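Line by line, the protein sequences give chains L and R.
Going by our numbering, the first sequence opens with residue 6, and the numbers climb by one from there.
Going by our numbering, the second sequence opens with residue 6, and the numbers climb by one from there.
Be a bit skeptical, because a hint or two may be false.
The list treats identical chains as one, so a pair stands whether inside a single copy or across any two.
As the list claims (entries may be wrong) - List time: in silico DSSO-like cross-link candidates among lysine-lysine, alpha-carbon distance up to 27 Å:
id: 1; residue 1: K113; residue 2: K167
id: 2; residue 1: K167; residue 2: K79
id: 3; residue 1: K113; residue 2: K199
id: 4; residue 1: K167; residue 2: K199
id: 5; residue 1: K167; residue 2: K151
id: 6; residue 1: K151; residue 2: K199
id: 7; residue 1: K160; residue 2: K79
id: 8; residue 1: K79; residue 2: K151
id: 9; residue 1: K160; residue 2: K199
id: 10; residue 1: K79; residue 2: K199
id: 11; residue 1: K113; residue 2: K79
id: 12; residue 1: K113; residue 2: K160
id: 13; residue 1: K113; residue 2: K151
Simulated from the structure, these hints should not be mistaken for laboratory data.
Quick caveat: nothing in here was measured; it's all calculated off a predicted structure.
Protein chains: 2
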Amino acid sequence: MSTEEKVPDPEGAKPAAEEPPPPSKGPNLFTADVVLRGLLFASTVTAIVVLVTSNQTEETSVPGVPFPVPVEAKFNNSPAFVYFLVALSVACLYSIITALASISVVLKPDFSASFLLFFVLWDVVMLGIMASAIGTAGGVGYIALKGNSHVRWAKICHVYDKFCQHIGASVAVSFLAAFVLILLITLSIVSLHKKIPQ
Amino acid sequence: MSTEEKVPDPEGAKPAAEEPPPPSKGPNLFTADVVLRGLLFASTVTAIVVLVTSNQTEETSVPGVPFPVPVEAKFNNSPAFVYFLVALSVACLYSIITALASISVVLKPDFSASFLLFFVLWDVVMLGIMASAIGTAGGVGYIALKGNSHVRWAKICHVYDKFCQHIGASVAVSFLAAFVLILLITLSIVSLHKKIPQ
């Protein structure tokens, strides 16, 4: 009914044909951004909790002692896992700060392009930190699992099974965090690209 | 003199005022891109050469043998260093392919925006692979250097000094490669950002 009442407006039609359509996807983009940053927060917190609860005490034989004694496997006995924890903590803190910034852009979308650029560059740096920490923890965790007979580094996961399961689960959840960071970067880049006049 | 002869042209002035200035930085951007990709190639090739020439044979004591025997330290005895080599090789091959693609854009700059998007997404993935490989090699190399008394993993770098120096140098050069990847990503993102009409 209302479509028949429409009258063509020559003044209104001209700018619509010449100007490119305004980027109306700003709020949706930043809503997706906030959701992904929430997921980044959740995955890093999960990985941190799983990592710090990995300690396990088992009776093992120690050289010089004739009987097995309780020995605790702690993640902070390995510099690799300490670095992993630090990287996860930094990523967790970063996810909180950027989620709050992203929410502020959703509420007041004036500075979206600048925010987008600022976010994506830091997201790239954070991906580098997270990926290197996953590599470090994964590499040392693999030696704990399989050992290395060439240098006589004994495997420990057949004794400290719960410890190794926690380390493995923490690395797996961190993979999800790294994937979320790649998604965040892709989202920002594609939206920067779409705003270019073709 | 010639300025006085200029006659205002209403038809020519109108589109100049409405259209944004054409992105003239395309060729310069891609020239910098080609240079950085050349640097990526050089650094990955250097890291590969330094890594594969790390093998070292030393007289060491072996359990069950009463006298020292020659034992070779090889990088491919450790899955961590094999992964490191694979990641470096992939990054090296990637640098060749993308440098050729970037040169083709310099010669024929029609598809620069699409190339930029395609490049930057793969650069991000490549950064993730390189950073995780650096973390893996660095983590295992750190155990080789310092050992870990808690799990009785003995250090080996006091015996295999040349081997460890090569591993360390390869990791250091790979850091440069990762930094070049971050520069490439930054270059692409900033140029995507600058093309947005403000």
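State whether the alpha carbon distance between K113 and K199 is at most 27 Å within one copy, between copies, both, or neither.
-> both (21 Å within a copy, 22 Å between copies)
For K167 vs K151, is the C-alpha pair at or below 27 Å within one copy, between two copies, both, or neither?
-> both (15 Å within a copy, 26 Å between copies)
Identical-chain pair category, K113 with K151, by Cα at 27 Å | neither (53 Å within a copy, 52 Å between copies)
When no copy is named, should K113 and K167 be tagged within, between, both, or neither for a Cα gap of at most 27 Å?
-> Result: close neither inside a copy nor across copies, 47 Å intra and 58 Å inter.
Have a look at K151 and K199 and pick one of within, between, both or neither, based on CA distance no larger than 27 Å.
-> Intra 48 Å, inter 50 Å, cutoff 27 Å: neither.
Which holds for K79 with K151 at a C-alpha limit of 27 Å: within a copy, between copies, both or neither?
-> both (18 Å within a copy, 18 Å between copies)
Tell me, please, which holds for K160 and K79 at an alpha-carbon limit of 27 Å: within, between, both or neither?
-> Both ways: K160 and K79 sit 15 Å apart in one copy and 20 Å across, limit 27 Å.
Alpha-carbon proximity context of K167 and K79, limit 27 Å | Only inside one copy: K167 and K79 sit 11 Å apart there, 32 Å across copies, limit 27 Å.
Intra- versus inter-copy proximity for K160 and K113 (alpha-carbon distance at most 27 Å) | neither (55 Å within a copy, 56 Å between copies)
Please work out whether the CA atoms of K113 and K79 approach to 27 Å or closer within one copy, between two copies, in both situations, or in neither?
-> neither (46 Å within a copy, 58 Å between copies)
Which holds for K167 with K199 at a C-alpha limit of 27 Å: within a copy, between copies, both or neither?
-> Intra 48 Å, inter 51 Å, cutoff 27 Å: neither.
With identical chains treated as interchangeable, where does the CA-CA distance between K160 and K199 reach 27 Å or less: within a copy, between copies, both, or neither?
-> This pair counts as neither: shortest intra-copy Cα distance 51 Å, inter-copy 53 Å.
The structure fails to meet hints 1, 4, 6, 9, 10, 11, 12, 13 from the earlier list, while all remaining hints are met.
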